[in-house]
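Protein chains: 2
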Amino acid sequence: MEEVENYITTNQDRFISELIEFLKIPSVSSNDHYLEDSVKAAFFVKEQLLKAGADISEVRETAKIPIVYAEKIVDINLPTVLIYGHYDVQPAEPLHLWHNPPFEPIIKDNKIYARGACDDKGQMFMHIKSLEFLTQTNQFPCNLKFLFEGEEEIGSPSLEKYLVDHKEELKADIVLVSDTALINNDTPSLIYGLKGIIYFDIELTGAKKELHSGIHGGTVENPLHVLCNMVSKLHDENKQITIPGFYADILEPSDLEKEMMNQIPFDLEEFKSLVGVKEITGEAGYSTLERISFRPTLDVNGIWGGHNGQGAKTVIASKAFAKISMRLVNGQSIEKVISSFESYFRSLAPETIDVQMNVLASCESALTPIDSVAYKAAEKAMFHTFGKKPLPVRMGGSIPVISLFEKVLGINSVLMGFGLDSDNIHGPNEHYGIWNFFKGIETIPFFYKYFVELSLK
Amino acid sequence: MEEVENYITTNQDRFISELIEFLKIPSVSSNDHYLEDSVKAAFFVKEQLLKAGADISEVRETAKIPIVYAEKIVDINLPTVLIYGHYDVQPAEPLHLWHNPPFEPIIKDNKIYARGACDDKGQMFMHIKSLEFLTQTNQFPCNLKFLFEGEEEIGSPSLEKYLVDHKEELKADIVLVSDTALINNDTPSLIYGLKGIIYFDIELTGAKKELHSGIHGGTVENPLHVLCNMVSKLHDENKQITIPGFYADILEPSDLEKEMMNQIPFDLEEFKSLVGVKEITGEAGYSTLERISFRPTLDVNGIWGGHNGQGAKTVIASKAFAKISMRLVNGQSIEKVISSFESYFRSLAPETIDVQMNVLASCESALTPIDSVAYKAAEKAMFHTFGKKPLPVRMGGSIPVISLFEKVLGINSVLMGFGLDSDNIHGPNEHYGIWNFFKGIETIPFFYKYFVELSLK
Numbered sequence: 001m002e003e004v005e006n007y008i009t010t011n012q013d014r015f016i017s018e019l020i021e022f023l024k025i026p027s028v029s030s031n032d033h034y035l036e037d038s039v040k041a042a043f044f045v046k047e048q049l050l051k052a053g054a055d056i057s058e059v060r061e062t063a064k065i066p067i068v069y070a071e072k073i074v075d076i077n078l079p080t081v082l083i084y085g086h087y088d089v090q091p092a093e094p095l096h097l098w099h100n101p102p103f104e105p106i107i108k109d110n111k112i113y114a115r116g117a118c119d120d121k122g123q124m125f126m127h128i129k130s131l132e133f134l135t136q137t138n139q140f141p142c143n144l145k146f147l148f149e150g151e152e153e154i155g156s157p158s159l160e161k162y163l164v165d166h167k168e169e170l171k172a173d174i175v176l177v178s179d180t181a182l183i184n185n186d187t188p189s190l191i192y193g194l195k196g197i198i199y200f201d202i203e204l205t206g207a208k209k210e211l212h213s214g215i216h217g218g219t220v221e222n223p224l225h226v227l228c229n230m231v232s233k234l235h236d237e238n239k240q241i242t243i244p245g246f247y248a249d250i251l252e253p254s255d256l257e258k259e260m261m262n263q264i265p266f267d268l269e270e271f272k273s274l275v276g277v278k279e280i281t282g283e284a285g286y287s288t289l290e291r292i293s294f295r296p297t298l299d300v301n302g303i304w305g306g307h308n309g310q311g312a313k314t315v316i317a318s319k320a321f322a323k324i325s326m327r328l329v330n331g332q333s334i335e336k337v338i339s340s341f342e343s344y345f346r347s348l349a350p351e352t353i354d355v356q357m358n359v360l361a362s363c364e365s366a367l368t369p370i371d372s373v374a375y376k377a378a379e380k381a382m383f384h385t386f387g388k389k390p391l392p393v394r395m396g397g398s399i400p401v402i403s404l405f406e407k408v409l410g411i412n413s414v415l416m417g418f419g420l421d422s423d424n425i426h427g428p429n430e431h432y433g434i435w436n437f438f439k440g441i442e443t444i445p446f447f448y449k450y451f452v453e454l455s456l457k
Numbered sequence: 001m002e003e004v005e006n007y008i009t010t011n012q013d014r015f016i017s018e019l020i021e022f023l024k025i026p027s028v029s030s031n032d033h034y035l036e037d038s039v040k041a042a043f044f045v046k047e048q049l050l051k052a053g054a055d056i057s058e059v060r061e062t063a064k065i066p067i068v069y070a071e072k073i074v075d076i077n078l079p080t081v082l083i084y085g086h087y088d089v090q091p092a093e094p095l096h097l098w099h100n101p102p103f104e105p106i107i108k109d110n111k112i113y114a115r116g117a118c119d120d121k122g123q124m125f126m127h128i129k130s131l132e133f134l135t136q137t138n139q140f141p142c143n144l145k146f147l148f149e150g151e152e153e154i155g156s157p158s159l160e161k162y163l164v165d166h167k168e169e170l171k172a173d174i175v176l177v178s179d180t181a182l183i184n185n186d187t188p189s190l191i192y193g194l195k196g197i198i199y200f201d202i203e204l205t206g207a208k209k210e211l212h213s214g215i216h217g218g219t220v221e222n223p224l225h226v227l228c229n230m231v232s233k234l235h236d237e238n239k240q241i242t243i244p245g246f247y248a249d250i251l252e253p254s255d256l257e258k259e260m261m262n263q264i265p266f267d268l269e270e271f272k273s274l275v276g277v278k279e280i281t282g283e284a285g286y287s288t289l290e291r292i293s294f295r296p297t298l299d300v301n302g303i304w305g306g307h308n309g310q311g312a313k314t315v316i317a318s319k320a321f322a323k324i325s326m327r328l329v330n331g332q333s334i335e336k337v338i339s340s341f342e343s344y345f346r347s348l349a350p351e352t353i354d355v356q357m358n359v360l361a362s363c364e365s366a367l368t369p370i371d372s373v374a375y376k377a378a379e380k381a382m383f384h385t386f387g388k389k390p391l392p393v394r395m396g397g398s399i400p401v402i403s404l405f406e407k408v409l410g411i412n413s414v415l416m417g418f419g420l421d422s423d424n425i426h427g428p429n430e431h432y433g434i435w436n437f438f439k440g441i442e443t444i445p446f447f448y449k450y451f452v453e454l455s456l457k
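Note that the protein sequences, when read in sequence, are chains A and B. In this text, residue positions in the first sequence follow our numbering: the first is 1, and each later residue adds one. In this text, residue positions in the second sequence follow our numbering: the first is 1, and each later residue adds one.
Take these hints with a grain of salt, some might be off.
Just so you know, same-sequence chains aren't split out, so a pair can sit in one copy or run between any two.
Quick list of in silico lysine-lysine cross-link-like pairs, DSS-like style, CA-CA up to 27 Å [to be verified]:
id : residue 1 : residue 2
1  : LYS171    : LYS51
2  : LYS233    : LYS278
3  : LYS239    : LYS40
4  : LYS376    : LYS161
5  : LYS64     : LYS278
6  : LYS209    : LYS167
7  : LYS439    : LYS167
8  : LYS208    : LYS233
9  : LYS449    : LYS161
10 : LYS208    : LYS272
11 : LYS233    : LYS319
12 : LYS209    : LYS278
13 : LYS24     : LYS208
14 : LYS319    : LYS272
15 : LYS171    : LYS336
16 : LYS171    : LYS380
17 : LYS278    : LYS208
18 : LYS208    : LYS389
19 : LYS389    : LYS233
20 : LYS111    : LYS319
21 : LYS407    : LYS376
22 : LYS24     : LYS376
23 : LYS376    : LYS171
Don't read these hints as lab results, they were simulated from the structure. Remember, predicted model here, so these are calculated numbers, not experimental data.
Pulled out of the complex, with its shape left as it was, chain A reads as follows (with noise of 0.2 Å):
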């Protein structure tokens, strides 16, 4: 396993120059106008896998974008991870903002630039580079199967029913992820939590046509008031959520886990001006840290209704919409809470408004518990490579899939990343730095190491 950091030192150009490639094909997943590149991205990743020593790899057809399934199996006896990741990016708009075109790759300053360096080109294909130093050096101390799709960025709708249909052949011990960020370079990082979604589109009506405010107002419900009304109900005072029952369920943080929380370094003013307001809030009685990592969350992500262009228009609408969602915490239920939001906000309206809902988009919360020999095999890991123990860190985000796989499959997931928080995935002049990219094909084989010798143990 030591040699890895050789191999690279060897290979580094030719590396970068296959991820270069990589990352030219726009494969949007978005827009269908960028289908052909999608399939020309599943190829390109098919042949990599093959040649950089898979067994098999094929690009199985879905409903619409093509997932790559590939495999390394090496002993049915040893333990097998599944690698997951994801080939599709998101949209390069606006492109004015970049200053390279988004698919013609630069370097500078030791980083990559370009749409999906970083989310998730950069970091599925660091799997590929390790499988070929596993291939290379024939080492293998696991079976290997890998995952990729092309349709993450759009909620990976064919997904579950590939799942399903392939539940035998993606039998596996422990996911593994590198689809998120470290804390910095100097403090790496392994995500042990996420929360789970509920996405909640909202629509009230009131009058059956658009009114006039002069004529008719003050004499009809206005939806849009009614709305505020209802949506200014939904926290207390103290910012707490006031959805009968919601706080219930959770089940609390370790003093453990609180107390490595607050190893991870934290400026109230580097915050502060990084998401540019003159003051936080939240929840009363919590940090800024523990609001992010251990409570639950109401946000209220759209709302409009009535006129929205230039000038006055004395109207009274007829409808008015919004966009609810809530980032839920270990132990939570998504059907009692779905089930409580919609009968306690129902409730807050008056009988003369008609209140429609309809969720969106849900997943569960997902925790991989720190004494976990998954977890355990990536904290050693990531201290044999950065020479330091791994914050482990409870996010605020919701990665649907990992619930998927949980919910599908039954396995649990492990979220080594290597991003930063300022690669700027999903905006303008995305990039991932090279030293990222080379430090997780370097630890990538050490977890497979420590996964197995401790499974076996």
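Given chain A, work out where chain B should sit, using these hints.
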């Protein structure tokens, strides 16, 4: 004067064909594409006024769409009536909802269907035909001045300057406007009061950029929550407006006004079905008619911010927007309410949120006392031609030009309109009853007669 009925019967076919010719010109003021048509309409009006007997009739340039000015001065010692109307129309879209092309008028069930048929081409045209009658029968009780603009539907941007520049020329004793509706053809009515209006554009800013509701949710103020909280505090549980001092200066209606209001036929079930609501609501302690006639109101006319497209976007908006307007009644001062609303609304925002407020439009409330000469003259004229005393009505709406005439020229107005609420002005299939068109032509000369009689008393 009594010959007017005969004169109409003799000339009815020509009157209608001339109106149809006028309605064929698509003088849509909000769309520059129709600028030439607006000019064409102005010249049509000018020629009609000359043919009808005006001494002077001119198309006067403004910054955009011209004003037509005409006059018939018979004796400078007699009173002068200034007739105001507008020859521009609302856009006709959506076209697919029209039964006939909006600028190819048709007659069906004794109504003329076309954009502008009622608002205001049909109603202003009555005044030209009344002038023609007076000229043909050589009886002018008073001097007449005509001011027809082509920008009413876009907020009369050129009118104030025109009034200021032509203050001397426009000297008159009363402004007569036909741009409103009767209660119904069996219940004539006269608008004697209009509400004032203040219309605000509001913009809240939280973080400097859009944030991620997973990563940042629950740690910073969400401007959409803040906006909802602020709006929810603008009314109390009795639906009274909470702006400090808001109701202090209101001049309450007299007992006579209230008594007359109670004579207005009002069927609650019909009202509910007309506006399409299950139940009415409004300020506690007042009836629906009182709310419309005598009470100030506050409405959010539009609200927006964050994601309003399809699907789920987990964003915390940087900005939240609203359009908020108030209708003011007799006694309330625009300046005072603007200032108290601004400081009150700002006080509702947490310090971390930046609040921008901009007054988009405002006009004072207007009242033509029902014991004034002008009101009594209109009342007598309508009594003469309808056989019924018209009911005095205070409208919930605002007509900014009326307060402009008061402010710049110092002249009150009489709103003697002959439309119906069912005429679909501003909507598809706008129409105007031929009976109403002729009834207007018949009534207007009697207004002149009685106005002079009562003035000289």
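How the hints compare with the structure:
no., hint, result
1, LYS171 / LYS51, "within (24 Å within a copy, 93 Å between copies)"
2, LYS233 / LYS278, "both (25 Å within a copy, 24 Å between copies)"
3, LYS239 / LYS40, "neither (49 Å within a copy, 61 Å between copies)"
4, LYS376 / LYS161, "neither (31 Å within a copy, 79 Å between copies)"
5, LYS64 / LYS278, "neither (45 Å within a copy, 45 Å between copies)"
6, LYS209 / LYS167, "neither (51 Å within a copy, 42 Å between copies)"
7, LYS439 / LYS167, "neither (32 Å within a copy, 81 Å between copies)"
8, LYS208 / LYS233, "both (26 Å within a copy, 26 Å between copies)"
9, LYS449 / LYS161, "neither (32 Å within a copy, 84 Å between copies)"
10, LYS208 / LYS272, "between (45 Å within a copy, 10 Å between copies)"
11, LYS233 / LYS319, "both (20 Å within a copy, 21 Å between copies)"
12, LYS209 / LYS278, "between (41 Å within a copy, 13 Å between copies)"
13, LYS24 / LYS208, "neither (51 Å within a copy, 32 Å between copies)"
14, LYS319 / LYS272, "between (36 Å within a copy, 17 Å between copies)"
15, LYS171 / LYS336, "neither (30 Å within a copy, 73 Å between copies)"
16, LYS171 / LYS380, "within (24 Å within a copy, 93 Å between copies)"
17, LYS278 / LYS208, "between (42 Å within a copy, 10 Å between copies)"
18, LYS208 / LYS389, "neither (62 Å within a copy, 35 Å between copies)"
19, LYS389 / LYS233, "neither (44 Å within a copy, 51 Å between copies)"
20, LYS111 / LYS319, "neither (48 Å within a copy, 33 Å between copies)"
21, LYS407 / LYS376, "within (23 Å within a copy, 80 Å between copies)"
22, LYS24 / LYS376, "neither (36 Å within a copy, 81 Å between copies)"
23, LYS376 / LYS171, "within (21 Å within a copy, 92 Å between copies)"
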